[in-house]
Amino acid sequence: MKAFLQRYCRNYGAVIGLLVLLGVLALAVLAPIFYEESPWLMVAEPLVQPFTDPALPFGTDMLGRDITAGMLYGARVSLLVGVISTAVALAVGIAVGAVAGYCGGRVDDALMRITEFFQTIPQLAMAVVIVAIFNPSIYSIVAAISVVSWPPVARLVRGEFLSLKQREFVQAAVVIGQKPVRIIATQILPNAMSPIIVSASFMVATAILTESALAFLGLGDRNMMSWGFMIGAARTMIREAWWMSVWPGVAILLTVLSINLIGEGLNDAMNPQLRRRGE
Amino acid sequence: MKTSDQAPLLSIRDLSIALPAGGDRPYAVRDISYDLHAGEILCIVGESGSGKSMSANAIMGLLPAYLKPEEGQILFKGRDLLAQDEATLLGMRGKDMAMVFQEPLSALNPVMTVGDQIAEVMRVHNACSGEARARRVLELLEFVGLPDPATLMHAFPFRLSGGQRQRVVIAMALALEPALLIADEPTTALDVTTQAQILDLIRRIQAEKGMGVMFVTHDFGVVAEIADRVAVMEKGVLVEMGSADQVLNRPQHPYTRRLIGAVPHGRAGERGRSGSETVLEVRDLRKTYVTGGGLFTRKRVVHAVDGVSFTVRRGETLGIVGESGSGKSTIGKCLLRLTDIDGGALMFDGQDIARLSERQFRPLRRDVQMIFQDPFASLNPRHTVGRIITDGPVANGVPLAAAQARARELLQLVGLEASAFDRYPNQFSGGQRQRIGIARALALEPKLLVADESVSALDVSVQAQVLELLADLQKRLNIGLIFITHDLRVAAQICHHVIVMHKGRVVESGPPGQIFDTPQHAYTQRLIGAIPGKEWDPTLIRAAA
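Chains as they are written, first to last, in our numbering: chain A, 154 to 432; chain B, 1011 to 1555.
Hints should not be assumed to be uniformly reliable.
Below, a list of computed lysine-lysine pairs in the PhoX-like style, where the Cα atoms sit at most 25 Å apart [unchecked claim]:
hint: 1; chain 1: B; residue 1: Lys1343; chain 2: A; residue 2: Lys318
hint: 2; chain 1: A; residue 1: Lys332; chain 2: B; residue 2: Lys1343
hint: 3; chain 1: A; residue 1: Lys332; chain 2: B; residue 2: Lys1457
hint: 4; chain 1: B; residue 1: Lys1457; chain 2: B; residue 2: Lys1309
What the hints contain is simulated information worked out from the structure, not anything from laboratory work.
Can you make the complete structure from the sequences, with help from the hints?
Encoded structure:
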């Protein structure tokens, strides 16, 4: 574990990414302490310029809502949606990929055809359709993002399982009489974990982007302020009030970038040989 | 053999190559000096990690960037190679000195025809022009004994067998008639019969072209077959050097004596079949691999195992010997039900295990265990040794505490310390890992143990220890052992009964003494004839030592 941290810290970008993400996380958690009232509440004059009023550092929007409060509450939605939908997608993807890769044959064929069916539909279009059918809410958004993001996981896990299944230590597990479920869970999966964790970190970033895109299109949860919604609402005011769209945009950029940096760092830390060979 | 008085072709003087800090020793090779004359074959022998390939790689400039020769000289025809600039060396490689590698498939470019690859060597050095070059390629292919060179030069490497590929690699090395040929384990990846042919070829071209050949190997049989002079390396130090006769028959250094003592001698001891009960009876086993057979491809059918029958008794070792592709490993997989079988019966304790479903067979698995080939791939890198050994008994219903206590006993039984229990496999050497694999198999107290090339990946001295351990355990626990190997010398040494496989069929079967001294089948005769270093008997040294 110590060696792992050392290898991770050798990648400065990843360390910065981790710090930024921790900052965003802290702000999201502490949002209700800074701003007790709902971010939807009109608290001041409309269209206050940023950096003019110390109480409203990022200004207000056309209805006089505090943009700073919106940003903090928006972080909660983005991170929540990113993490939960990734977790659901991972669970489905690992289950499908593991069964397909371990069983092979017809089971593999059937599961992979289903996976390919989901992959043929453009991800965002499918997410839009799903959210539109089941009224926009935090649940339908998480479900939609999970549905569009599990197929790549399934394919990745299947590939890892196909190659690990041939390894002698897995055959040895069969020979000593372990049951298939146990072999999958204790022998193969731990050895397939590093690529899965790395791709999961990138999935969180993609999920945040997808949620923003949905909210921008007006398919966000009406009760929760989100970054995508703020940008969407700002598009009619883009010439009068640039700050309305820029701040949430910067927030999305920083969060997604930091998660991607963390993914890179995890990749380096988990495959130390790979990195050394490239040097 | 000639030891000329003239200046040596290659002379290595006090060469030291440092290893990066933190390794298990400060130098890869230290203060090694030797000469190689034109027209002689110098064998460099050593176990893995002895630094035997280092000096060869230093000559060719193939050392990885983090290894730098620190001291010494490599004099090639009087010029110090370590002092030349890269451009000069580039001009010399391939022209003055050439190299043959261990793995012929990865040494050849898969998307270039054989002829083009040989011609490329000449093109790089601007030797011969168009017409002459094509003629030279044909000549070379003919010279290395490849059939029908005119057709073969347009073939891609994947169409050739392992031996043919190695001949192509040798033809490439010979293209510009180098004065020095370096062969780094050129026959290790090949079957014995192919190995014998390649050794013949190397000896022939060496005699005809009068080259100096530096032959790096771990196999004393090969040394006995081909060497004029021998250099023995241990942990980066040259411990003994002399003529083949001196080193092989009158070794001075204790390390050389130990190594030679460990060489499997292939002298069959008579063990006789014991009258004990039969554990396994295989009747007419069949396994067919069908590939292709899609809409547009023709089906390809390979009879991997074709009507094989044999019996194994308790306390007895059955050897299954054959070359690659003979179906010997498939038999092992069939016995353990790692692959489905297409016909025949596997009578285990009077029950046909071939007919059982996977679920029905699982409780019986504990009675049939396997020791795998690759000590590095057969242990889960993420589990501790203790977990690896206890997993089996736990899966079969033994309480964890009892399994752990037994695992500690087993570790001692196979010659490891009890502290190994909490460590991970990557902290052990190949031989130690193989012992862990044996402990895992024994933890289930099997009646039958299948060892599939279980000692092939190990150095001779370690191999000897593991073989001894197996023989000892077998005697103590009275288990039936099926020993699958390509090495006839090993089989002769430990088996009670041997079957010889060829293309999925048993061509000969009998006690090892009979198979080795009076082989009946033409294939067995060929196989026995191909064993390198038959005339040399390492047991004489053992008796003297």
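Verification of the hints:
Simply put, lysine 1343 of chain B and lysine 318 of chain A have alpha-carbon atoms about 15 Å apart, close enough for the 25 Å limit, and the pair holds. Simply put, lysine 332 of chain A and lysine 1343 of chain B have alpha-carbon atoms about 18 Å apart, close enough for the 25 Å limit, and the pair holds. Between the alpha carbons of lysine 332 of chain A and lysine 1457 of chain B the distance comes to roughly 21 Å, so the proposed pair stays at or under 25 Å and holds. Using a Cα cut-off of 25 Å, the hinted pair lysine 1457 of chain B and lysine 1309 of chain B is violated, with the two alpha carbons roughly 39 Å apart.
Checked against the numbered hints above, the structure breaks only hint 4 and satisfies the rest.
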